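Generate coordinates for the entire structure from the input sequences, incorporating the hints supplied.
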Amino acid sequence: MERVDGYAPIREYALVGDGRTGALIARDGSIDWLCLPNVDSPSVFARILDADRGGSFRLEPAVPFESERRYQPNSNVLETTFTTAEGRVRVTDAMTLTDIKRISPMRELVRKVEALSGTVPLNWSLEPRFGYGRADTRIERRHGRWFAHAGADALVLGLCDAGAGEAHGGAISGRVELAQGSSAILSLAAAHEEPVVIPGREDSERRLERTVSFWPRWADQADYDGSWREAVVRSILALKLLTFAPSGAIVAAPTTSLPEWIGGARNWDYRFTWLRDASWTLDAMLRLGFRDEAHAFFWWLMHATRLTQPRLQILYRIDGSDHTPERELPELHGYRGSAPVRIGNGASTQVQLDLYGAVLQAIWLYARKVDHLDGDTGKEVARIADYVANHWRDPDNGIWEVRDERMHYTQSKALCWVALDRACALADEGRIPNRSERWRTEADELKHFIDTETWDEELYSYVRAPDLRELDASLLTLALLGYDPRGKRIQGTVAAVERELREGPYVYRYLGEDGLAGDEGAFLTCSFWLVDAYAHLGRLDDANALMDELVGLANDVGLYSEEIDPRTGDFLGNFPQALTHLALVNAAMSIVDAEAAHRTTA
Amino acid sequence: MTLWGALAGGAVGTILLTSGLRLSQELGLTRMDIPLLLGTVVTDRRGPASVIGYVVHFLNGLVFALAYYAVFRAVGHAGWLFGAALGVVHACLAGGVLLTVLLPAVHPRMGSPWSDAEETPLLEAPGFLLMNYGRRTLVWTLVGHVVYGAIVGGFAAHLG
Chain A
12 MERVDGYAPI REYALVGDGR TGALIARDGS IDWLCLPNVD SPSVFARILD
62 ADRGGSFRLE PAVPFESERR YQPNSNVLET TFTTAEGRVR VTDAMTLTDI
112 KRISPMRELV RKVEALSGTV PLNWSLEPRF GYGRADTRIE RRHGRWFAHA
162 GADALVLGLC DAGAGEAHGG AISGRVELAQ GSSAILSLAA AHEEPVVIPG
212 REDSERRLER TVSFWPRWAD QADYDGSWRE AVVRSILALK LLTFAPSGAI
262 VAAPTTSLPE WIGGARNWDY RFTWLRDASW TLDAMLRLGF RDEAHAFFWW
312 LMHATRLTQP RLQILYRIDG SDHTPERELP ELHGYRGSAP VRIGNGASTQ
362 VQLDLYGAVL QAIWLYARKV DHLDGDTGKE VARIADYVAN HWRDPDNGIW
412 EVRDERMHYT QSKALCWVAL DRACALADEG RIPNRSERWR TEADELKHFI
462 DTETWDEELY SYVRAPDLRE LDASLLTLAL LGYDPRGKRI QGTVAAVERE
512 LREGPYVYRY LGEDGLAGDE GAFLTCSFWL VDAYAHLGRL DDANALMDEL
562 VGLANDVGLY SEEIDPRTGD FLGNFPQALT HLALVNAAMS IVDAEAAHRT
612 TA
Chain B
2 MTLWGALAGG AVGTILLTSG LRLSQELGLT RMDIPLLLGT VVTDRRGPAS
52 VIGYVVHFLN GLVFALAYYA VFRAVGHAGW LFGAALGVVH ACLAGGVLLT
102 VLLPAVHPRM GSPWSDAEET PLLEAPGFLL MNYGRRTLVW TLVGHVVYGA
152 IVGGFAAHLG
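Residue numbers (this note's numbering), protein chains in the order written: chain A, 12 to 613; chain B, 2 to 161.
Keep in mind the hints are simulated off the structure, nothing from the lab. This list has only true hints and no planted wrong ones.
Just so you have them, the derived chain B footprint on chain A, three or more residues with Cβ under 8 Å:
id, region
1, 249-258
2, 298-312
3, 326-333
4, 381-395
Given the structure is predicted, the values throughout are model-derived calculations rather than measurements. The beta-carbon is built from N, C-alpha and C at its ideal position, and this holds for glycine as well.
Next up, the structure:
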C-alpha cells in the first residue's frame, strides 16, 4: 500500500467499532481516525484529514513488509498479517465490548500482536490529538503508564510485552521484537468526564475474547440463503458498526469530510442520522430478521422526531437532538488537500419532501412486520400524513440536497405520493386515525402532476423536475417503492437511467448542475438501486450480472464508500457508507424475492 | 405547618408538573415524557407504560412532598417562597442525577453511554441536564419543579 503525501487510499481502510464509535485502520497498521467517546465526538486520531497534525496510532514492522488482512469470519474483529523477510506477525484489532461483570474502560481499543513465524521487529507510535487536533494534548508518565489528556478527555496506553515506550514531540513510541509463539498487547482505554479505567493484560484479553465470540453469534442471526451471502453479512455487520447503541440511531458514515472528489470542496460530515435512510434501514433489518435492531431504530425514529413533528428535519444527531450547525475547521488540511474540513451539517435546514415517503414507508413496514402502533404514535403518523397533504406542492432541495434554488423535484413528489399511499394503507388497516379520503384525493392529484408535468416522451422517462428535462438516478426509487409497479413509464425510466447515467457498473446521480463547483464520482447506491429496479421489473439476468460486478467493487474486507472514481476505481466520499450497504442488502434480497416469485409462476 | 397540607400540595403540584411537561411536549418544546420513561421500566408497550408511569410519578410526587415536609420541620418554616427554593434544588436533583445518571443505570430499556453493540435499547438516555430531549427541557423541568415546590410549601404552611 502506498501513501500519497501521508494519506492512505480510502479503499485501504477497514473499520472496527463497538456500537458507540469506530476506528479506521489502514492496511499498513495505522489507526488514522477515531472519535471519542462517541462517533460524533471530536477526533483523537484524524490522520485521514491531516497527515501531519491529525494524530494516529501506528503499528508496523520495522523492516520492509507486505500486508494482507481480513475480518474474522462473520465478525467485526480485524486481522492484519504482516509478512517480512524475518518472519510473519498477525495484529488483531478490535474495540472491545463492555464487560458488565467487572469495571471496564468507557471505550477500549485492543491491538494484539502474535508472532506466527521467525522474529519480527515492530515499531509503534501513539500520537493522540484531541479535539480534531486543536486541543492542547498533554502526555505524562504516571506510575509506569502513559497518559494523554485534554480537558475532560483522557487516554491511557496499556503496554504488555510491547516495550516501555518514550515520549517525544507529542508522541509516545516504542519498539518490540517478537519471536515465533510470543505475543504482545497494546491497548488504549479512553474516558470522558470520568476517571480512566486502567487496562490490565488479563482484562483486555478477556474483553477481546468476549468481543471475538459476540460478533459471529450476532451475525449468525442473519436470515439469508441467497447468492452473495458473504457480501450481505458483511454489509449488515458494517451497519451494526454504524448503529449508535445508546440510542439506536444509525449514522450515514463514521467520518467527516472525506472528499467526493480529490481536491474538491464537496466534503461533508456524515456522522448524523438521515431520516431518508430510515425506510431502507428498517427494510434491510426486517428482511434479514434483525427485529430487535429494527424495533430499537423505530423507537429512536419516533422519539427523535417529536420536537419537530409533523414537520420532519432531514437529519438528526445520534442523541436525538436537531441542532447540527455546520462549521469549517481551517486548521486541518483535508484529505489530500481537499478543504474545507467541515463538522456539523448545514443540510439540516433544507426542505426535502422525499423523506416523508421514506419515513411513512418505514412505519408501514414496521406496523406490518414487528408491532402495532399505539394510540399516540398513530396520531403522530396521521399528523405527518396531513402535513404531506398540505405541503407536497412546495418546492424543495431534493434527495441530493442541492444547495441551490428549490425546485419541484420529481422524486420528492413521487415519495410524497408514497407517503400518502402508505398512510391510506395504515388507515384502512385501522392502525392510524382514518383521514384517508383526503389523503387519497391528494395522492391522486399528486400522481396526475407527476404523470403530466414530469414525463418526457422524447426521453421516454420521468425527468428530474418539470423545469429540468434531464435524468436523475434517484428516479429508480420509484420502481423500488411501488410507484406504478412494472408500469411502462417506470420501465422506460429505468431504461433511460441505464442509457444516460450508467457507465459499466457505475451510475452517476445526475449530470446537470447542483449549485456546487467541482466533479464527483459515481454514486454506488445508485448502482445497487439499478440492480433492485431490475429485480422489481423481473429483469433477473441483468440484476444478477450487475450485482456480480458491484460485489467485486468492494475493498479487500468487503466495505464500500459513498462514491467511486470510474476511471481509477478509487473510493471517494465518507467511508464506510451506510446507504451503500443498505442498498446492497436490499438489492440482494429483491433478487432473492424476484427469483422466488419467478419460480412460483414458472 | 401540616403533613396533610404538604401531601395535598404534593398531589396538586405533581398534577400541575406532569400536565405542564405534557403541554410543553405538545407545543414541541421538549421530548421529555416522564410517564413513558418511568413506565417503560416495567413494559415496552407504550400505552400501559404511560399509565403505569403516571401512577409512579404521582406517587413519587407524594414521597417528595414528605421529604419537603421533613425539611420544613427541620428548618421550622414553610411557605410558597421556601417551597419554590426547594423546587430549584429538586429540579437540580432530577435533572442532574435522578433522570440523567440513576435512571439510565437501572432502566432495562434505556441506553446509557456504556451501551454497546450487544444491546438494543429502546429509549435514548436524557443526557447531561436532559439536553438530549431538547435544549429547552431543563427550563421546563426547572419551572415545573419550582411550581411544585411552591405549592407544596404553600399548602404545608396554610392548610390544616
